[in-house]
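> Chain residues, written in single-letter form:
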Amino acid sequence: MLLKRLFPVIGFAALAIAVQLGAGALGKEFYLTQLTMAIYYAIVVMGLCLLMGFAGQVSLGHGAFFAIGGYTSAVLTTSDFSRFQDSLWAAALKRIHVLIPKADLYGGQVLTTTPWAAFVAAMLLTFLIACLIGYPALRLKGHYLAMATLGFCLIVNKIVLGTAWLGAADGISGVPEWNLAGGLVISGRSAVRVQNYYAACALALFLLILLANLVHSRVGRALQAIHDRETAAGAIGINTARYKLNAFVLSALLAAAAGVFLTHYTAGIGPSEASALKSVRYVALAAAGGMSNPWGAALVSTAINFLSLRGWFGTYDNAVFGAVLILIISIAPQGPLKPLGLWIRRLLSGARSAAGGEHAAS
Amino acid sequence: MLLQVKNLRCGYGSLEVVHGVSLHVCAGEIVGLLGANGAGKSSLMKSIIGLMAPWHGGVWMNGRRVAGQPAWRSISNSMVLVPEGRQIFSDMTVRENLLMGGYHNPDRGMDLDMVLDRFPRLRERIAQVAGTLSGGEQQMLALGRALMARPKMLLLDEPSMGLAPLMVEMVFAEIRAMRDLGVTILLVEQNATATLQIADRAYVMESGEIILEGEAAELLHNPEVKRAYLGKGYKEVWE
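Protein chains in written order, with this note's numbering: chain A, 1 to 362; chain P, 1001 to 1239.
Since the hints were derived computationally from the structure, they do not count as laboratory data. Quick caveat: nothing in here was measured; it's all calculated off a predicted structure. Heads up, the beta-carbon is just placed ideally off N, CA and C, and yes, glycines get one too. Any given hint could turn out to be false.
What the hints assert, rightly or not - Here are the computed distance ranges between Cβ atoms for each label pair:
no., chain 1, residue 1, chain 2, residue 2, range
1, P, Gly1109, A, Arg345, 21 to 27 Å
2, P, Gly1182, A, Pro136, 26 to 32 Å
3, A, Ser217, P, Met1110, 49 to 55 Å
4, P, Glu1174, A, Asp317, 55 to 61 Å
5, A, Ala18, P, His1104, 43 to 49 Å
6, P, Asp1091, A, Leu307, 40 to 46 Å
7, P, Asp1091, A, Lys4, 55 to 61 Å
8, A, Leu161, P, Asp1091, 39 to 45 Å
9, A, Lys4, P, His1104, 17 to 23 Å
10, A, Ala323, P, Met1110, 51 to 57 Å
11, P, Met1110, A, Gly182, 58 to 64 Å
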């Protein structure tokens, strides 16, 4: 049992190491950069798996949560708060190292927020917004959450495009590195490429283990019951509205966290992250991996996003994600990995029985 | 009086479907609520359990006002609904379904054994995915799941729906056995004869109102019951 649970963890870790070694051996270590980005995007998809595959709710607004995380962190870490230098709150924040003085590009002194503090702020803001959006929408049944989140996503996108201090159409660049702890820096510099690749892998793996535990817990069972039979779940005493809200908020937080990490990694963020197409893309990827299978979703989403970031699909990029969604829904609604696994197992057992037959004949 | 409903009105959108219904259920009784399709039985049931907010009137359980509370709270009032169409968790195993029924019951491990003793059929299929059970077995599972919450009162919404006659008999025998355990039962049914045979009292609903009530034994021979099912023109056409 324990081994069965550990198997995907070990498998994922081994795959991550194999990919890194393979890329190094082929002299294509720069692949790891896009791979790291793809892994951060996969974290959004993992959150959506929890929401869609287990709580049975669809969100078309996770791009917005990603953007809220990324933009909050970008704004706080790039803005100069030195004109508030003498105010009481700035002094207090300085004392607890939320604000730190730093030299800017031209050698002047600026006062900015530390990335850790910005991360916490991004999480808090996302939590608040997700509660505000989710609370009314989740009390309704059916596709209201999908519609509400789609509308929300469009609004966030327009706000970003129309706000000068959010960089409007240009986005925000020059986001500083994030010194996580113990010399581990979230940054796109090639010197720390491998380190960042493993940091992203470790984060994703940690979250996958967390999700797997959640799904197999009391909470997971309740979510599954809600997904399956909402009336019956209520009748046996499950507070359906609260569980749905919790799943929604948690998945929004995962999206925002991914946004923060990727923003520091790429040193910037643009308004396209909040576009509805991005949100639909996450939904397509969650479906492509098998919604109730976060491991599969993480794997498939990393692979497809990597190809997309490498520019494989060219101008057909969005069309590819649409096609993936259509194909999955019509051919393998549970995701491609389960039928594939069954097929391989059948093939193996077929080969084995054939071999056994020959043995008996001789 | 365990459950009391007073002058309850409810509906969907602007359409009222239950027009001021009053009824009561005493502890230890089986009370039938009969009526044809669309009489408002299920809407009444939903209002009692909290899936629908009543527009007017109230519901009292054990003297405590419960109308307007969300459905998941009904369990803390020891009231459990077995919903129409059974609504078992079809992707979970029989065992998981039963344990879900005891979601708020700290002794669910012990009660699981008790329920499995009552329903040996479920014990045989304990590890089977619930969606693959037969209709009768699913109904047994739904009853067992409800028992896992240790209810004082069970609301059964059309337990005979879609079952073979032999299975209906089994389910009704089980309902009577649950009453003997001390569970009070409000039984919503279209199957009037079967219900009146096991019920103590019954109400008959038509077009959102209660048009008849009385001892089950009396109602069994009351031609008005038949009329309520067959519509207002029944007398002219058939007599």
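> For every hint, state whether the structure bears it out.
Right, here's what the structure says about each hint:
no., hint, result
1, Gly1109(P) / Arg345(A): 21 to 27 Å, "35 Å, violated"
2, Gly1182(P) / Pro136(A): 26 to 32 Å, "42 Å, violated"
3, Ser217(A) / Met1110(P): 49 to 55 Å, "21 Å, violated"
4, Glu1174(P) / Asp317(A): 55 to 61 Å, "59 Å, holds"
5, Ala18(A) / His1104(P): 43 to 49 Å, "47 Å, holds"
6, Asp1091(P) / Leu307(A): 40 to 46 Å, "33 Å, violated"
7, Asp1091(P) / Lys4(A): 55 to 61 Å, "19 Å, violated"
8, Leu161(A) / Asp1091(P): 39 to 45 Å, "43 Å, holds"
9, Lys4(A) / His1104(P): 17 to 23 Å, "30 Å, violated"
10, Ala323(A) / Met1110(P): 51 to 57 Å, "54 Å, holds"
11, Met1110(P) / Gly182(A): 58 to 64 Å, "50 Å, violated"
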